[in-house]
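Asks: Top to bottom, those sequences are chains E and Y.
Residue 768 is where the first sequence starts when you use the working numbering, and the numbers rise one by one after that.
Residue 768 is where the second sequence starts when you use the working numbering, and the numbers rise one by one after that.
For the record, the hints were derived by calculation from the structure and aren't laboratory data.
Bear in mind that the values here come from a model prediction, so they are computed numbers and not experimental data.
Take these hints with a grain of salt, some might be off.
All copies of an identical chain are treated as equivalent in the list; a pair is satisfied when it fits inside any one copy or across any two copies.
Dumping the calculated DSSO-like pairs for lysine-lysine here, alpha-carbon to alpha-carbon at most 27 Å [stated by the list, open to error]: (1) Lys918 <-> Lys1004; (2) Lys955 <-> Lys1071; (3) Lys955 <-> Lys845; (4) Lys845 <-> Lys961; (5) Lys813 <-> Lys1092.
One-letter residues, chain by chain:
Number of protein chains: 2
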Amino acid sequence: MGARIVIDTLGGDNGPKACVAGAVEGLKENPDVKLYLTGRKKQINKLLSEYEYDKKRLEVVDCSEEITCHDAPVEAVKKKTDSSLVVGLNLVKEGKADAFISAGSSGAVLAGGQFIVGRAKGVKRAPLAPLIPTSEGNSLLIDCGANVDAKPEVLVQFAKIGSIYMENICGVKNPRVAIVNIGTEEEKGNALVKATYPLLKACDSINFIGSIESREIPFGKADVVLTEAFVGNVILKLYEGLSKMILKEVKGAMTASVKNKIGALMIKKSLKKTVNSFNTGEVGGAPLLGLKGLVVKVHGNSKKDEIRSAIRQCKNFTELKVSEKIIAGLAEEGTVTE
Amino acid sequence: MGARIVIDTLGGDNGPKACVAGAVEGLKENPDVKLYLTGRKKQINKLLSEYEYDKKRLEVVDCSEEITCHDAPVEAVKKKTDSSLVVGLNLVKEGKADAFISAGSSGAVLAGGQFIVGRAKGVKRAPLAPLIPTSEGNSLLIDCGANVDAKPEVLVQFAKIGSIYMENICGVKNPRVAIVNIGTEEEKGNALVKATYPLLKACDSINFIGSIESREIPFGKADVVLTEAFVGNVILKLYEGLSKMILKEVKGAMTASVKNKIGALMIKKSLKKTVNSFNTGEVGGAPLLGLKGLVVKVHGNSKKDEIRSAIRQCKNFTELKVSEKIIAGLAEEGTVTE
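Just chain E, same shape as in the assembly (with noise of 0.2 Å):
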């Protein structure tokens, strides 16, 4: 049996019909997968009703409620319990599915994540850890999520599970691991990455080549960058607002005139590839590791492409059974304590 995965219906921006095209088209590109649908029934068989798809590989789960992402997310993760996402978020929790994808509320995928699927043996705190784009390909941030103030040994831990992501994943050998700072010295730095640096220096079963100062994260001098929660957030948004308002610069630049939207038209399809490397929908979502089971977040206004790429991403996590491998890399150097 291949990997069962979830996808939540609700709560992104474009609704149901996104995430019922992206499922169809992950049928038909993994013959393996099984997946369940979580959301309205009704809704969904009618979406489902103008596809040709392997209807045993597809299971609808009705469900009454909607999280938004107006509601409160822990309170609201505890109180919908009939909700599209906990109830997805149930069938990991119960093994009845190996993975879930939401895009919905940031904040009630990561507390649903935590509080319902729970972390795997010997996780203090589970990561979030977006792949970037940079002019080398990608790197994975982690931790964006909701571990801000986190303590050193948790960042240990961060840099170790990330290593075995990118290695499982997206196929790189021995992943150079960089914590960000402000300054490349091993002095340099705030309380937090001071007394960081030296358990990451002293941690053999990861590649560490030191700091990164924020202006190399975007030329790929490291393939796993750590970080602290608050920090990755920061970078995160900042990578995404920033090349979305140079883009549109460049943009408006080349249509000033007419001469410009002549010269812009023969350089288009060039710049469209640029434009579409900082586009996420082809690195899947961010993942939340270190829980029982991989939970998903794609972005808000994700289309059927995102989940595409999203079910792919499961898929291999499951049949490489990265889980299993971030457990056993934890447990190898003694650092499981709970």
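Assemble the complex: chain E is given as a structure, and chain Y must be docked to it using the hints.
Replies: Chain Y alone, transformed into the frame defined by chain E:
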């Protein structure tokens, strides 16, 4: 008498040549400023001999030492007492000059500014506050300096100092202050942000508009972007690295084929304007605020334009009595604790 400004001619990537050229232009542009050039007298005089300028308003101060970026900053400032950097800062300390400009080691400028020039009355810490480009003009990013792990009260002072700077130097009436956060709700954030938020809200002398997520920074959603120095440094350097990388990719896409090259030629001028908006040459350097004089760190690779802009910045700062306004602003609400 106009503003008296020191230019440290050593330590920058482009050496005394860029500083001398910028100084001569600055003299012409500002008929009332007096400039001091610290460095190797013989070398400076040789460079000056190629220009016509008002000799009464330019004085060369000979120094036998140079602080490089390979020196440990604090130690260098203490030991290299005849360096162009230390001699220049002492001119400000002794009241012979109002402001100091250097393209040299950031660490040495920050350390020297605090140790030699010293903090103004009532100032707890001296923040480094560069302007960053946005789609709506410029925002002030405060603090990017050496005050990592700062306390909430210190951040509140930075908000006030930044507001006074933006109002006086950039002409922004009632500047909007926002604190960098990982969500916009009041309860979001790390321990520092949660502790600082209510203090900012209660502060009558600033126009506090709440939290800002980093994705909104490039769109100019706040005039004063307040953050702790570690995060500020990460934002500043990611701004630099990411814009460099994206514009390089765009350029690469444009020259990928002959057809593209022709297209690129047609939009070259407009695009150059866009690229230049990310060039800090026109906005002066990063001021280290709250000292008994202005200390400005210009980029290591500054050319004559950056030096010229920094001279104008120092002149405005001095003539508009911004230091005095900062001291008065902090004293107003009883924040003078020292």
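Asks: When Cα atoms must be at most 27 Å apart, do Lys918 and Lys1004 count as within-copy, between-copy, both, or neither?
Replies: both (23 Å within a copy, 25 Å between copies)
Asks: Using 27 Å as the alpha-carbon threshold, which applies to Lys813 and Lys1092: within, between, both, or neither?
Replies: This pair counts as neither: shortest intra-copy Cα distance 40 Å, inter-copy 67 Å.
Asks: Cα distance capped at 27 Å. Does Lys955 pair with Lys1071 within a copy, between copies, both, or neither?
Replies: neither (44 Å within a copy, 31 Å between copies)
Asks: Is the C-alpha distance from Lys955 to Lys845 at most 27 Å within one copy, between copies, in both cases, or in neither?
Replies: Classified as between: cross-chain Cα gap 19 Å, same-chain 42 Å, threshold 27 Å.
Asks: Should Lys845 paired with Lys961 be assigned to within, between, both, or neither, using CA atoms and 27 Å as the limit?
Replies: between (38 Å within a copy, 24 Å between copies)
Hints 2 and 5 from the earlier list are contradicted by this structure; the remaining hints agree with it.
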